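S.K.: The residues making up each chain are set out below.
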Amino acid sequence: MGFIRHSFKRRLFFIILSVTLVLVIFGGILTIQGFQARIRADHEKEDHEQEIAIGDKVDDILKISESVLDKISESDALRKALTPGPKNDLDTYSALYEVTADIRDYAVVDLYLGGNSKFSTRRGVVSEDLPTNYAVLREADKAEGETVYAMDPYDATEDGATMIIARKITGVGAKGYAVIRITQTELRRILAGSFNARDGFMLTDKYFRPFCLMGTAESKNNLSVIRKNLFKNDLYNKDIEENVYISEVGDSGLISIYITPPAFEKSAVHAGYQIVLMQVVISVLLCLLVASRLSTSFAKPINTLTVAMKQFRKGDFDTKIDLNREDEFGQLASGFNKMTARLKDTMRERVEAERKVNEARIELMQAQLNPHFLYNTLDTIKWVAKANQVPEVATLSSSLATILRTGISENQFCMLESELDLVRNYCDIQKIRFDDCFDLEVDVADSIAKAYVPKLILQPLVENSIIHGLEGRSDGRIKITADRIFDAKENGESTLVITVTDNGKGISDEMIKLIETDDPEALKGHLGLKNVNTIIRLYYGSEYGVSAKRTDTGTEMTVRLPFSTETPVKEREITP
Amino acid sequence: MLLLSACRQSERSALISEISERYSVPGDKQLIVYTSHKEEVYLPIIREFENRTGIWVEIHAGGTTEMFKEVKEAAGEGACDIMFGGGIESVEAGKDMFMPYEVSGIESLDAHYLSDGDYWTPFTELPLVFIYNNKLVPEAEAPATWAELTEDKWKGHIAFADLHSSGTSYTILSTISQMSDKTLKESMTDFLNNLDGRVLTSSGQIIEQVSDGSFLMGITLEETAKKAILAGYDITMVYPADGTSAVPDGVAMVKNAPHSYNAGLFIDFVTDYDTQAYAMDEFYRRPVRTDIILPEGTEAIDQIDFDIEKSAAEEEEIFNLWDEIIGKED
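Going down the list, the protein sequences come from chains V and X. Take the working numbering: the final residue in the first sequence is number 940, and no numbers are missing along the way. Take the working numbering: the final residue in the second sequence is number 402, and no numbers are missing along the way.
Because the hints were derived from the structure by calculation, they are not lab data. These numbers come from a predicted model, not from an experiment.
List of simulated lysine to aspartate or glutamate pairs, EDC-like, C-alpha gap at most 16 Å:
no.: 1; chain 1: V; residue 1: 596; chain 2: X; residue 2: 93
no.: 2; chain 1: V; residue 1: 570; chain 2: X; residue 2: 122
no.: 3; chain 1: V; residue 1: 539; chain 2: V; residue 2: 510
no.: 4; chain 1: V; residue 1: 409; chain 2: X; residue 2: 83
no.: 5; chain 1: V; residue 1: 584; chain 2: X; residue 2: 130
no.: 6; chain 1: X; residue 1: 327; chain 2: X; residue 2: 142
no.: 7; chain 1: V; residue 1: 592; chain 2: X; residue 2: 130
no.: 8; chain 1: X; residue 1: 110; chain 2: V; residue 2: 522
Cβ pair distances, simulated, as ranges:
no.: 9; chain 1: V; residue 1: 444; chain 2: X; residue 2: 284; range: 47 to 53 Å
no.: 10; chain 1: V; residue 1: 389; chain 2: X; residue 2: 110; range: 52 to 58 Å
no.: 11; chain 1: X; residue 1: 284; chain 2: V; residue 2: 497; range: 34 to 40 Å
Cβ atoms here follow ideal geometry from the backbone N, Cα and C, with glycine treated the same way.
Extracted from the complex, chain X is given alone in its bound form (with noise of 0.2 Å):
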């Protein structure tokens, strides 16, 4: 009878060997891909991928901060590929975890957001918007520049999440520094101030938080606000009229990646035609790539010159200010 077990046990065994063998991964067919964006953005994106390369792709998910944190602990030990997502000026702050990759088809791409060394790649554009609640905010009355956000009628009014969980916090906090004439500390201390120490845990807030009235308006992504309002929220997008950045997020291959080969075509692959013109259809992100023709409704934008490496040079000290102003959390 034990016998008997025995036996069926090994056949299980072998079996189960057999499938293994059959599935597993060899080291050429892997992709290791830490991503701060949604599940939205990056699945269909990276199922697409793996369907059209057949290369197959571990995926470390989570918020930008962390997603960075852990990407330096990985780097460390060999064990990631691919940081995919993250503003383009944090990834610049952070490019030693990084290695340059030269993308296939670069001068096709938007010049205006390129890296230096080629140590980052840029995704998609996207601009920063104001969005207000129609409810509470008459139209005359609607937010329409950067200038007037230090004004006493939005105190306490603007929806903003805590620098140290939102990546667009930062580009938002960046872009109004280099948009002021102000030196970084007077002007971080106007805006900050004006917050009136009201912050919010994570930009995912920002739309309720307006729609629902809690904030009068909020600063958010262009995507972010079109498919707030396409999902039926009662607010209202407005681009500055004193204009805006578009800083891209960015892709970067990461230092010390054990699968580098597989990172080149990951990269190439987030920045091809089909793959830009599907992060433009459905996640209202605008294409880096300068041979998409945007749609129709998508106006063009006035830009203004971002400097990502000025950017990301004043991290540290927009981090001290944001500590001293607001007060770190935990």
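If we strip away everything but chain V, and leave its shape as in the complex, we get (with noise of 0.2 Å):
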């Protein structure tokens, strides 16, 4: 199986040959089967009407000697001439042709006292004695009236006898016997006309020992096979090619068998189980071929599908199959076509990006260059101040220095404290240039100033507060104050809550709206504003971020953030 299984070629071929030998041999038994079948049914009709023909013929012979042994049994003339005492051979001739008149073309007719015949039809030499304690006279002396069909014991043979129907006639005084005799010859001479020169027939007794064999069946062999079938309690006809056809004769005890030849010559039965090999032999030849012509015009399009796939994979997104069918591999080749087009836009817009994203890169590394010159330039002013004393210039370049190196660190979160000195520098900054008009006042405890915060959130607010807040006054104050306040949950996770408050004018009641819309275009030219809630809320999720309140005293802007001590990992970076 494996054999089959492992070609398509070999696959197809044995299914359609399967089918294909199905059909032929099938169709091919059942055809000649049904052909025989009704042949063999039309000539057993015929032949049954030839062997009711030959039947009704024997037994009109048989009716007629029936009828001719009655009449002599009434014949008086007849009887007497059976009886003791004197008679006149004149009427018993003229009274014996009489009543034999239909039977004598064919029969002689003897009146027989004892063994010996003493009135006979038969021309010349007188008929045979017959025995009387054996064969046909003892068999009629015991039928008593009734009529006897027997053998000539004088003239009988294997192959055939004289037939003797006789009849005793009782109340004669003597034994008298009414015989006729029907030789074999006269009987072939009458039933010749009834049946086809290619036809058997056979007159037998119940015993099937013969009177007559005719046609085909003088060779007698048929009537041996038959009679040692019915030894065996076989069927009769067994091992006998001819039809047999076997009925009883009247009631006479005789049987007719007749024979005709088989319906079919063996060789014509032959010639037909011969085509069928033959279609079998050219099924076996076309099945080959078709499979070959199927198979090839299924493998040729999954070669080229199977070529074309394995220069796709070798990286020539141009592959294209050209076919040129409209059947289901054409669309499939057309498949094929545009997945490889739509495959190879997709590669070049990846290409594209990753362009994109390497230009940044170099723009960002060379981005990096001007702060870390910018830092060391700062650092060399507050040293040239410090030289020359000027401590204002020394302070606003350390400031600044310092936050510029916050700005650039690549961390992006950093301890509160940390923070909360970034706020220092900026506010040291920010204080030369507005006079010092206002104070910094940060009130955090150790423990919570240790919390990992975003970097650079403080800054904005406290620089919302110095531009929007406290614009015009000089007695400012800011002041930042953080806490932690644990969740009601007791899953120990916390809230750091961050508070930059100001005694300025307060902040409008738009500003809020606007910070609590979390709409980033609404927030434009409060750009560290928005910047700090954007970073919380992504980092954390929208229940975190920055809310404002106006108090009687000025603005309250609060961050609220979960309280870590570690760095939280970004998101980004989990899934790169």
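Join the two chains, each given in its own frame, into one complex according to the hints.
M.R.: Below, the structure is given as structure tokens:
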């Protein structure tokens, strides 16, 4: 089976062959058998008619004989002839000839007294004596007036016999018998016209011993076979090629056997099967051809497709298949072509995107050059200012340098205390800039100051207070506090709340609304504030962020974010 | 159409089975008979047996030697009931093929020819007679005694059938041997040499060849000679003056007979009055029954005391002598 399964062509061949062979063989055999059955049935019908015809003829002979015997038994003249005493031969013969008129054409009629023929219709020699205690006369004697059909003991062989139809004439005082003899020759002459030259006919007694064998039955082979079959209790026609019709002739106990040649010569049937065999051979060849053609027709596009796929796998995105077919394979090819085109586009887009990312990286690297230079410059300025006794310049440059360093640092998180340092540095600069018009107060416990927060989230709030809240005031005050609030759920999580309050003019309602709407577009011009909110929400989710409210003394801005003493891992780093 | 044909087909099959069944012969109505008799002898008897008993008889007919050979084979397979025919010395010689059966009415049979162990039953007595050609042999010259058969005057003129195909030939040789005072070898040599190598292929040719002048005389069975004379052959039948044998042919039940009961019926039938009378009247055979009166013209014969067992015992030697002197055919 593996041999077949491993090849598409063989598989195809096997399937087609199976179907074809089933059709050819079963169809062929069925046709031959059906044809045979039909012809045979027709034949049998004809045979049966023939058999009936010849049977009727035999029956006629027996009936006529019977009626002749009846007439003899009833004829006074003939009864007298068999009775002891004086008799008139003339009367006897005229009566005998009269009653036997119907049968004399083919039979000899005798009147026997004991075993001797006394009166006979025979021309010439007298009829033979018959034994009285053996054969026909004994039977007739036992039958007491009934007709008996027997074989002439002097003319009987295994090939046939003269038929004797005899009856004891009862009530005549002596053993008188009426005896009709029909020789084989006469029987044949009468029956000759009633059957076909190709057929055979046998008339036998109840032990299947023949009176006459005619036509093809003359060889008596079939008779011996029939007898043998009956002995073995087989069907009587076993081992006989010809059709054999057996029927009883009236109630005489005789049997007529009609034999016809088989409806089909064996050679005809053989020829039929030979044709089927030839069909089988042709089918096998045709199946081979068709399977080979079909498999090529299937295999070719599949091969083309396989080659194209290999090419594609190797990176040739321009691979195209041209099958020039309109069937499923054509559709498959066009699908393949579409797929490669699409993949090619996608690849190009990705390459483009990658190129852009690379460009950005290069730009970033280039951009990092400047802050370092600036930082170093500011440091130099600080030392130059110190050397020249200009403390403000030293403070400005030192603070700016610190802010810049934090700004360009690659860390995105820092401890709250560094963030507070940055705010102090920022305020140092702004104090110089705004003539020392405000104070910064930081009230954060050390434990809380160790919490990690995104860098640069406080500076924008403080900047907002200085620029928008304390505008025009000389006693400005900014206070930064931080608290750790534990969650009610008691799951160990806590929230860091950083509050920046000022005593400025108070934040406008419009501004509060804008912060709450979380609309980046709306906070245009308040870029720092917007960024803080965005950063916190991006990192921690929308439940955290910046909120603002106006107090009696100014503005209070609150930043809420999860309390953590470790650097949070950015989501983007988890799934690069 | 096919169905219709099939239907008709099965109707026909049914008819065939019905007839086969009606005429099939049950085992207790069967009998298998091997016979070496001529058709005109066995057929009327067997037909009468069938008619009287309703037993179907399967007949195998052929020459004596052939039939004995076949019976031997058939006995081994249990395929034969009766061997009908063959001189009783031949039957005696092959008696291990047969099984004993005491015929009913044995008391009416000629005690002269009865088997010692009932291995066979005699059917009819068949006296050996001489025949001669009336045209070529004057009455005065006619063969008269067994003794003169070795004379030169008959050298090459005696019609005699091949021993290998004729049971009668064996009976003749046995008779010659038993009538002679000489040893078996001498008597055989004398007679066989006098045949001068002229041997017929079958005993059926003897009448023909004597009447057409090919041979002057012949030795045959009384029934054969009588029938030939009645049929018009110009020959004369002579009973040997020094006596003759009338070795009967036998009927025997074969070992392993599958239908032994019917076989017994058959043996009873062939020895019953009717059949014996019929055989006498129609076949000119002498009945083995003592209660049948011989018809007029059938003279009582001077029978020698034929020793069947001796005859059977000499079988091998006689055949050897034959092959030696005449030469084996084939």
